[in-house]
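Taken in order, these protein sequences are the chains called A and B. So for the first sequence, the numbering used here puts the first residue at 1; every next one is plus one. So for the second sequence, the numbering used here puts the first residue at 428; every next one is plus one.
Since the hints were made in silico from the structure, they are not lab data. The model shown is predicted, which means the values in this text are computed figures rather than measured ones. Some hints could be false.
Unchecked claim - Here are the computed lysine-lysine pairs in the DSBU-like style, where the Cα-Cα straight-line distance is at most 35 angstroms:
id, chain 1, residue 1, chain 2, residue 2
1, A, 168, A, 40
2, A, 286, A, 186
3, B, 501, A, 408
4, B, 486, A, 322
5, A, 168, A, 286
6, B, 486, B, 501
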Amino acid sequence: MRQLIICGLAAATLASGATAQEVTLGRFFGACEDAGTDTKASVGEACIIQSIINAASAEIDGVSIETLPTDWGNYYDQIKAAYAGGTPPDVHVMHRHRIPEFAGIGALAELSGDLEAAGIDPADWSEAARAAVTHDGGIYGVPMDIHANLWHVNMDIMAEAGLVEDGKPVLPSSPEELIAHAEQVKEATGKSYLAADFAQFPLGVRMVLALLWQQGDNIFTEDGTATLDTEAARRAVETVTQLFDAGHADPRLNYADSQQSFLNGEAAVLVNGTWVVDFYDAEAAKEETGLDSYYVADFPTLFSEGATWADSHMWAIPAPLKADDPETYQAALKVLAFINDHNIDWARTGHMAVRNSVVDSAEYAELPHRGEYAGTAAIATDTPPSERYGAIQDVLNREFQAIWLTGKPVGDALADAEIEVQDLLDR
Amino acid sequence: MPLRPKIGRSLSQAQAAYALLLPFLAVYALFLIYPFFRGVWISLHDWNLLEVAFNPAAKEYVGLRNYERVMWGKDIEWSLFAAPLIQLAGLAALAGAAFTGWTGRLSRPTALALGVVAALVVLIAGLHPGEEGRWYDRRFWPTVGNTLVFVGLAVPGVTLSALVLAAALNRESRAMAALRTLFFLSQVLSVTVVTLIWQIMFSPRQGLIANITELFGGTPINWLTDAQFAMAAIVIATIWWSLGIALILFLAGLQDISKDLYEAAALDHCTGVRAFRHITLPNLKRTITLVVILQIILHFQVFGQSHLMTQGGPNDSTQVLVRYIYQTGFRDSDLGRASAMAVFLFVVMGAFSVIQFIVGRGKSQ
Numbered sequence: 001m002r003q004l005i006i007c008g009l010a011a012a013t014l015a016s017g018a019t020a021q022e023v024t025l026g027r028f029f030g031a032c033e034d035a036g037t038d039t040k041a042s043v044g045e046a047c048i049i050q051s052i053i054n055a056a057s058a059e060i061d062g063v064s065i066e067t068l069p070t071d072w073g074n075y076y077d078q079i080k081a082a083y084a085g086g087t088p089p090d091v092h093v094m095h096r097h098r099i100p101e102f103a104g105i106g107a108l109a110e111l112s113g114d115l116e117a118a119g120i121d122p123a124d125w126s127e128a129a130r131a132a133v134t135h136d137g138g139i140y141g142v143p144m145d146i147h148a149n150l151w152h153v154n155m156d157i158m159a160e161a162g163l164v165e166d167g168k169p170v171l172p173s174s175p176e177e178l179i180a181h182a183e184q185v186k187e188a189t190g191k192s193y194l195a196a197d198f199a200q201f202p203l204g205v206r207m208v209l210a211l212l213w214q215q216g217d218n219i220f221t222e223d224g225t226a227t228l229d230t231e232a233a234r235r236a237v238e239t240v241t242q243l244f245d246a247g248h249a250d251p252r253l254n255y256a257d258s259q260q261s262f263l264n265g266e267a268a269v270l271v272n273g274t275w276v277v278d279f280y281d282a283e284a285a286k287e288e289t290g291l292d293s294y295y296v297a298d299f300p301t302l303f304s305e306g307a308t309w310a311d312s313h314m315w316a317i318p319a320p321l322k323a324d325d326p327e328t329y330q331a332a333l334k335v336l337a338f339i340n341d342h343n344i345d346w347a348r349t350g351h352m353a354v355r356n357s358v359v360d361s362a363e364y365a366e367l368p369h370r371g372e373y374a375g376t377a378a379i380a381t382d383t384p385p386s387e388r389y390g391a392i393q394d395v396l397n398r399e400f401q402a403i404w405l406t407g408k409p410v411g412d413a414l415a416d417a418e419i420e421v422q423d424l425l426d427r
Numbered sequence: 428m429p430l431r432p433k434i435g436r437s438l439s440q441a442q443a444a445y446a447l448l449l450p451f452l453a454v455y456a457l458f459l460i461y462p463f464f465r466g467v468w469i470s471l472h473d474w475n476l477l478e479v480a481f482n483p484a485a486k487e488y489v490g491l492r493n494y495e496r497v498m499w500g501k502d503i504e505w506s507l508f509a510a511p512l513i514q515l516a517g518l519a520a521l522a523g524a525a526f527t528g529w530t531g532r533l534s535r536p537t538a539l540a541l542g543v544v545a546a547l548v549v550l551i552a553g554l555h556p557g558e559e560g561r562w563y564d565r566r567f568w569p570t571v572g573n574t575l576v577f578v579g580l581a582v583p584g585v586t587l588s589a590l591v592l593a594a595a596l597n598r599e600s601r602a603m604a605a606l607r608t609l610f611f612l613s614q615v616l617s618v619t620v621v622t623l624i625w626q627i628m629f630s631p632r633q634g635l636i637a638n639i640t641e642l643f644g645g646t647p648i649n650w651l652t653d654a655q656f657a658m659a660a661i662v663i664a665t666i667w668w669s670l671g672i673a674l675i676l677f678l679a680g681l682q683d684i685s686k687d688l689y690e691a692a693a694l695d696h697c698t699g700v701r702a703f704r705h706i707t708l709p710n711l712k713r714t715i716t717l718v719v720i721l722q723i724i725l726h727f728q729v730f731g732q733s734h735l736m737t738q739g740g741p742n743d744s745t746q747v748l749v750r751y752i753y754q755t756g757f758r759d760s761d762l763g764r765a766s767a768m769a770v771f772l773f774v775v776m777g778a779f780s781v782i783q784f785i786v787g788r789g790k791s792q
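In isolation and in its complexed conformation, chain A is listed as follows:
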């Protein structure tokens, strides 16, 4: 009898092993070793997404997911090489800004006809989220979030400088006020007003872009003319560089160092994205971190209209999978549906949810600090779509770094940047 049971069990495992459809998955966000399957308990982007993936692998019948090892910094290079070699992952995460490049040449599967059958309701997506995955009228992915630049605020420093009213930080409304606040902070506390990665990762670029958009301008037009060497761009850059010149911010800090300086309580404001809200919240709760009173604010409007840099994470399926392997394609859709169902869990990172039903839920409203940056969704902005997005960002990062790290005159840097962006748009 015992033997019979063992044989039966073995046969069952074999059978289920044979029917489980393996889905390979590519993602950035970093590694998380022991994410588990509890999507409510994990902290930080890497562990939250991995716990959702682990849960999907465990809970979807007949589907097992293999997360491929990828490196964040070189993610798109790896994905492109995989497409070029004919072996892209069955589902992979990407940014909205990459859709023109990938969908433009037919690399991504068009999903609009298959979403409802898989249990995904595109009507529930917010308008901005639907626009994020739409290209030439087709839907090329399942959106997961809208993320944007925020001002992460150390309330203790702000209070000491007299910049707190009704429990909220007083933020500048003009470039002049920005420098005035910075001086207030320096006088009262001797600390820096602002920290951000101006040296490597393009957070400084995104800050300048926001200040440019706030003046109703952009770095290039929809029809492909670079417009960087302008008065507005100069004002945007100088709004930032005045802080460096007066010693209110250090342009040489990279991502890790600027974040550390904020967590050590050495800077009043850190400019960084929505992706760190839950992490900083957890850090602020710890005894040993210098940051004790943490607040999240919308990127302030220093010029005429509100704007902050924003993008979207979304999940896509390669076109060849849909064409050649319907079974894996269906399994991949199930994975996307599972991730779509767990939009609230992903929002715990600090990202803005994409489903109206989630945004309107009480659970979403109760997420830490959520109410403090409720205005961000309305001011989320990005450059016009371009297949050269990555290269253009690199040009801006290089030329802006030249301004604040090597003392290149603003006019020269903007003129050079305009020529190079135009070259890229013309290619």
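Let chain A serve as the given structure and place chain B on it in line with the hints.
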């Protein structure tokens, strides 16, 4: 019965040699020669990495246009004072080559090789866009320049420190054997580990170097994000990393020098630094040439240190050729241009191999 001798006869020595070489040649042709010529072929096309993968017909033959777009520009002129310092140095080297070749202090081929390189430096550095002109690719030549600076710092750095270490460690004691192993160990690490270690070392907040500077009351340097120090930082990491092989080669060279020479010199009161200068160095000449050429070829291909530690920044000050090729190929999907640059790099490294060949032959004559 006569079958066996027949087979033996039918395989001459040359044939046997070819038969034995065949497996190597096949692998070599498949993985090196074929990809090389395919690279040259791609460099003659407008070739988008992704587009061609989905539609093989999406490439277009453009002849040498990729080379033009990368290396040339609009309205390019030549003058002797475009880059006066570099060109003057080139002229001086040219005169030096002519003089040493004439007086016979260097062998003819060596002097000729030196002269050609110097003339090329004078010529290439003299090119610049005119008033209305511009380089089509404004980053290419500065990137080549950065690569040369990196090679120019890393090669002497590695060679000198390896030479000094080898001379110091060339003793038969247990401690020295342990130290030799220790110094070689860094070579075993992969570039990711090396750059991680040095990123932490250079960090102005948690790094060892910053801590030491602060101990002596200085302000820590932002090594990796300061344009003045970024190149130095990746050179330092590179020297630490690639010391091992040079060290081993020098140790082998040192052990080839007969002890008798040192004993004879000691009788003439020539010891220590003087012995190093008059016995060790002349006897190590061949090893030094080998190490220098190997290092030059190796360090022209620098990628990981720049890519992982500084991302080519700040303001492109550590952007090197292979990283630019990588970005052009994968970030910009422009395989044609990337291949054109790769062919350029091949030509430069090939030139150094030729120089090594000429210099080596000059010696043995």
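Hint check results:
{"no.": "1", "hint": "A:168 with A:40", "result": "holds, 29 angstroms"}
{"no.": "2", "hint": "A:286 with A:186", "result": "holds, 26 angstroms"}
{"no.": "3", "hint": "B:501 with A:408", "result": "holds, 24 angstroms"}
{"no.": "4", "hint": "B:486 with A:322", "result": "holds, 25 angstroms"}
{"no.": "5", "hint": "A:168 with A:286", "result": "holds, 22 angstroms"}
{"no.": "6", "hint": "B:486 with B:501", "result": "holds, 25 angstroms"}
Checked against the numbered hints given earlier, this structure breaks none of them.
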